[in-house]
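Number of protein chains: 4
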Amino acid sequence: MKIGIMTSGGDCPGLNAVIRGAVLRGIKTYDHEFVGFLDGWRGVVDGECIGLPRHKVRGISKQGGTILGTSRTNPYDGPNGGPENIAATLARLGVDAVIAIGGEGTLAGARELTNAGLNIVGVPKTIDNDLDATDYSFGFDTAVQIATEAIDRLRTTGEAHHRCMIAEVMGRHVGWIALHAGMAAGAHAILIPEQKVSMEQVAAWVTEAYERGRAPLVVVAEGWVPEDEDKPWAERGVDAFGRPRLGGIGEHLAPELERMTGLETRATTLGHIQRGGVPSAYDRVLATRLGMASVDSVSDKRWGTMVALRGTEVVSVGFQEAVGNLKFVPQHRYDEAAVLFG
Amino acid sequence: MKIGIMTSGGDCPGLNAVIRGAVLRGIKTYDHEFVGFLDGWRGVVDGECIGLPRHKVRGISKQGGTILGTSRTNPYDGPNGGPENIAATLARLGVDAVIAIGGEGTLAGARELTNAGLNIVGVPKTIDNDLDATDYSFGFDTAVQIATEAIDRLRTTGEAHHRCMIAEVMGRHVGWIALHAGMAAGAHAILIPEQKVSMEQVAAWVTEAYERGRAPLVVVAEGWVPEDEDKPWAERGVDAFGRPRLGGIGEHLAPELERMTGLETRATTLGHIQRGGVPSAYDRVLATRLGMASVDSVSDKRWGTMVALRGTEVVSVGFQEAVGNLKFVPQHRYDEAAVLFG
Amino acid sequence: MKIGIMTSGGDCPGLNAVIRGAVLRGIKTYDHEFVGFLDGWRGVVDGECIGLPRHKVRGISKQGGTILGTSRTNPYDGPNGGPENIAATLARLGVDAVIAIGGEGTLAGARELTNAGLNIVGVPKTIDNDLDATDYSFGFDTAVQIATEAIDRLRTTGEAHHRCMIAEVMGRHVGWIALHAGMAAGAHAILIPEQKVSMEQVAAWVTEAYERGRAPLVVVAEGWVPEDEDKPWAERGVDAFGRPRLGGIGEHLAPELERMTGLETRATTLGHIQRGGVPSAYDRVLATRLGMASVDSVSDKRWGTMVALRGTEVVSVGFQEAVGNLKFVPQHRYDEAAVLFG
Amino acid sequence: MKIGIMTSGGDCPGLNAVIRGAVLRGIKTYDHEFVGFLDGWRGVVDGECIGLPRHKVRGISKQGGTILGTSRTNPYDGPNGGPENIAATLARLGVDAVIAIGGEGTLAGARELTNAGLNIVGVPKTIDNDLDATDYSFGFDTAVQIATEAIDRLRTTGEAHHRCMIAEVMGRHVGWIALHAGMAAGAHAILIPEQKVSMEQVAAWVTEAYERGRAPLVVVAEGWVPEDEDKPWAERGVDAFGRPRLGGIGEHLAPELERMTGLETRATTLGHIQRGGVPSAYDRVLATRLGMASVDSVSDKRWGTMVALRGTEVVSVGFQEAVGNLKFVPQHRYDEAAVLFG
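Note that the protein sequences, when read in sequence, are chains A, B, C and D. Per full-length UniProt numbering, residue 1 is the first one in the first sequence, and the count goes up by one each step. Per full-length UniProt numbering, residue 1 is the first one in the second sequence, and the count goes up by one each step. Per full-length UniProt numbering, residue 1 is the first one in the third sequence, and the count goes up by one each step. Per full-length UniProt numbering, residue 1 is the first one in the fourth sequence, and the count goes up by one each step.
Keep in mind the hints are simulated off the structure, nothing from the lab. Be a bit skeptical, because a hint or two may be false.
Said to hold, decoys possible - Simulated crosslink set (BS3-like; lysine-lysine; CA at most 27 Å straight-line):
id, chain 1, residue 1, chain 2, residue 2
1, A, Lys28, B, Lys196
2, B, Lys56, C, Lys28
3, A, Lys56, D, Lys56
4, B, Lys28, A, Lys196
5, C, Lys28, D, Lys196
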């Protein structure tokens with residue numbers, strides 16, 4: 001078979017390891033041939049691809065980014081989009097099946113195309129760890145590790161200055177990165193989209209930690225909203241001058257907490273450093289295994305499925321399990337972390 | 001309740017995070033009181049312990065080692081050992097239950113003491129990830145990460161010199177560290193105790209990689225034995241001068257592979273750097289959760305059980321599940337990695 | 001002699017290594033006794049200090065922050081400030097001399113106090129590397145290393161998305177961190193306060209790099225100002241709602257560059273992670289040596305001097321050399337880096 | 001001009017940054033053209049080289065190893081070696097000058113060839129920092145950083161087990177890596193080739209540290225010899241079975257120290273991980289600057305010189321300064337470190 005691979009959506013450490021795992025498995029176990037579509041669905045729609053012989057994937061498992069490029073293009077957009085055009089393009093290129101590596105949006109698109117008759121297998125990609133169908137997805141471990149190391153650094157400065165330090169981490173809809181990095185770093189408050197918490201409660205945790213002689217440490221997911229507010233900072237549009245509003249929730253939280261607690265408070269937004277760079281060993285192993293398993297799925301013609309981690313094993317699940325259900329932080333995991341608060 | 005905690009056996013990143021998790025959970029959720037026995041079973045046998053109020057565990061989750069010290073002492077040794085003496089010592093100290101953090105040997109001892117009537121809950125600790133009852137144990141992820149980073153470094157030197165590089169990693173009986181670090185780093189051969197492989201096969205993988213233009217990379221677990229030999233280097237006793245034999249399997253493999261392949265070959269034994277130092281975020285989270293769960297088990301009087309990771313959840317299992325069954329690398333995981341060989 | 005040590009101003013990796021070096025040198029070579037004043041000049045003014053026996057400094061050289069705390073208090077402030085009050089306080093505590101670890105402001109204060117008769121020796125501390133009297137100061141190497149690792153991560157994401165990435169690093173008045181991190185990470189433009197550059201020039205460099213197939217990378221010091229503007233963002237006060245203006249130059253640069261080049265552009269402000277956490281080996285060695293040398297200066301009664309690095313040796317220079325002269329990035333160093341631009 | 005670059009001798013982090021710096025400077029400032037000779041002098045002797053246009057050096061400054069390969073070949077070896085043959089080969093290839101990046105041996109060869117009329121400029125490369133003509137050479141900072149991080153890890157295990165830990169680092173003739181890593185990590189004894197120390201003294205330092213409640217930490221350079229012995233372990237040839245002697249000084253020191261002190265003692269040989277992998281930011285900047293300056297030297301026809309770091313500036317010195325004089329650790333630097341011992 002001739003298999004096309006594509007990577008779609010935001011950057012995520014481990015994408016290259018998925019590609020390497022798929023290509024080596026396909027060539028050595030099944031004698032498949034591979035091409036890589038460039039820049040996500042755009043390359044599929046435009047039929048733009050490169051050959052992926054074995055030597056092209058050498059040594060890439062430890063590289064961040066994706067050798068194929070990525071984009072947020074939708075497979076239905078433009079004159080060449082949609083299932084019929086894509087089917088024709090794949091036929092023209094002699095591509096028998098597509099491995100789509102992407103998040104909820106990518107997999108939703110893949111489901112529609114599969115329903116329309118295309119041969120697609122998915123690999124879940126979400127740095128936020130918000131796909132319900134898999135225990136963990138690659139990239140998440142790296143993001144948590146980077147965030148934890150950064151917060152470890154912030155903590156020493158907080159202690160030197162007797163300040164409250166706020167670290168804003170990724171997580172627009174779910175709080176997994178904040179939960180894990182906060183537990184690892186010993187945060188005195190973890191604020192995540194799943195949990196409504198009042199500013200008074202946050203201030204109380206900060207004050208309690210300070211009174212025990214600690215430099216209070218708050219980890220906040222970018223999508224958290226204080227209990228009495230209604231939408232995340234990221235969605236508040238432009239400012240009075242028509243410019244995009246700058247700064248995330250962390251920067252808005254800092255002066256407010258400082259006012260409420262009387263403690264000097266500083267915020268740092270970790271931003272894009274959480275989603276680039278060398279993947280952790282955990283993510284390289286997971287990504288390699290998912291890549292290999294996706295080729296097994298293609299070889300078995302399990303169209304419309306994606307690979308997923310369950311416990312220690314990689315399994316195959318239908319797209320419908322992956323799409324539409326965000327994996328939220330469950331209450332008992334937040335309660336567990338809350339033991340560390342204050 | 002008054003709960004004693006002890007850490008036993010070899011050092012392992014995350015021990016302090018277990019202690020922190022247990023103490024904070026116990027104090028904040030149950031109002032328990034904690035003492036820490038010093039240096040593993042020795043402290044229990046001798047009744048030597050320190051108080052563990054909340055401030056003693058502050059900031060320790062990111063510290064390697066154990067604030068309680070560790071040793072390989074057996075609870076049955078010496079005039080004060082054995083269940084009756086220990087029961088008397090615990091009674092004298094007012095200690096109602098013990099949380100024993102240790103590996104197979106420690107948990108086997110704990111099982112015997114529990115059978116004799118002591119109140120013990122276990123937390124599995126094995127840097128080699130060789131306990132069958134838990135999906136993963138803390139410390140393993142850190143060891144794999146350190147080994148992977150080191151192997152990444154070795155690789156560039158191999159490539160600059162067109163040499164074969166051998167990395168010897170931990171794993172006396174099981175090959176999990178070698179398997180994961182080797183997959184992550186892209187090894188051309190992974191040699192583990194579970195798999196008999198001939199020197200000829202190893203040389204063939206090395207030669208094949210070299211002929212594809214790569215600098216061959218071999219990851220070998222310390223307990224691996226070539227197919228035609230019968231016991232690990234570590235057990236071969238003294239040399240002809242009555243001195244302990246120096247060097248591990250890696251150093252013995254290097255000249256042999258060099259002779260067989262004609263390729264300059266160098267070995268590095270990673271040694272103790274794999275089991276010390278700052279734990280990874282993954283291990284801090286896992287260790288914290290296990291520590292917390294162990295206190296839930298104590299509070300529920302689930303004596304004779306240990307906590308364990310299954311999928312994403314922490315569960316409670318009987319000591320018998322943890323003792324006597326090493327978790328070997330299964331054949332399909334080795335086959336998966338072998339796709340990368342040669 | 002009884003020597004007081006204090007750390008003043010912003011956090012900086014290596015402060016604890018200075019303290020360790022001074023205390024061990026003083027105790028073992030000269031039989032001095034040490035106390036540590038808490039929170040910079042505040043502790044001196046208030047006479048608040050702790051004993052610093054040898055065991056208090058054990059293992060601290062690798063810890064970020066300062067075990068003595070720090071603040072931006074001025075020694076002339078308050079009812080107990082000023083040379084006479086401080087002299088009386090030191091006399092009451094039996095402190096013969098003070099080692100002041102701090103930046104330009106701290107050393108300026110120290111000079112005045114020395115002129116008024118106090119026995120003070122300085123240790124230069126500036127994470128920005130902006131003190132002219134020393135080749136390098138501790139903390140700078142760590143900041144550059146952290147910034148470089150972060151920018152390495154940003155780069156892979158830029159390449160995956162074909163975006164322009166902007167990294168804002170520290171440097172309010174001088175551009176050393178931007179210069180070194182930018183050279184190390186291979187930036188296509190480095191923007192520093194010492195160099196007026198037009199937005200058109202920046203856009204030209206970005207476009208040139210993009211047209212060569214690169215993901216453009218811009219490193220900007222927080223104090224940089226575009227040629228046609230007059231003051232840094234940090235000094236622009238409040239916005240139209242009376243709230244402090246959020247976001248630094250990086251976040252303002254991004255939409256402007258995007259508009260000018262047509263390239264998707266993202267900014268990350270590294271912020272406080274650059275000045276906390278475990279110091280690099282370079283900084284630990286330099287800080288230890290400076291700490292030791294400061295005690296030699298005290299023992300020689302070289303009041304009014306500070307220690308400094310010149311080439312590979314630590315020397316002693318007068319406060320006047322350290323105060324009033326910022327060490328700017330010289331033109332030939334910027335020209336050297338500019339070879340990498342575009 | 002058409003300039004050939006070559007990298008010779010052992011791997012060293014920063015080689016690729018030198019190449020990048022030279023090529024970009026040469027192309028952008030002088031319009032030079034570049035080729036890279038493969039595998040050190042071998043490529044020069046055999047006339048084997050590749051073109052080095054700008055895009056070949058993109059993104060390589062953070063890669064360990066060398067894109068040109070390296071070897072320990074001598075330029076006088078073989079039928080094509082020696083100045084006349086090499087001159088003919090360079091003429092045939094149209095190469096006007098050679099930039100030789102290498103250590104003492106490479107530079108000695110380069111001096112002879114220059115004396116015979118070839119156009120050569122040198123860039124000093126020594127991971128051991130043992131070239132007298134430069135304050136620091138690239139690669140050294142990375143090696144010290146890696147060693148320090150490894151020793152930080154060993155220390156926690158030593159403390160958990162109340163053991164003495166020995167770390168063997170590189171340094172066959174000089175002890176710079178041991179000195180810096182030992183100071184940074186807080187070693188209780190640092191053993192370097194320049195300093196004869198008796199085993200009794202080492203044991204005394206270890207015992208003193210243990211009695212103060214510390215886990216003793218010994219850092220030993222591979223070339224250290226105890227006072228009463230006469231040559232390093234590395235030179236002791238084969239064992240009684242005619243096999244190369246395994247294990248370095250660290251592994252031999254451990255049982256001896258254990259016997260003398262009664263303390264459990266473990267050694268780790270850091271080995272090749274010290275000389276590979278991603279260079280530190282310090283080394284990337286230094287290597288880039290040296291590479292750029294080497295092209296300035298070529299453009300000025302300063303044949304027979306090499307570039308060197310003096311203080312904060314890069315200067316040009318004659319080969320004779322670089323050759324024949326090892327830079328030993330001076331007594332005052334060892335005395336400084338010895339304040340930390342015991």
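Now for the hints, and whether the structure bears them out:
no., hint, verdict
1, A:Lys28 with B:Lys196, "holds (22 Å)"
2, B:Lys56 with C:Lys28, "violated (30 Å)"
3, A:Lys56 with D:Lys56, "holds (16 Å)"
4, B:Lys28 with A:Lys196, "holds (22 Å)"
5, C:Lys28 with D:Lys196, "holds (22 Å)"
Hint violations for this structure: number 2 only, all remaining hints satisfied.
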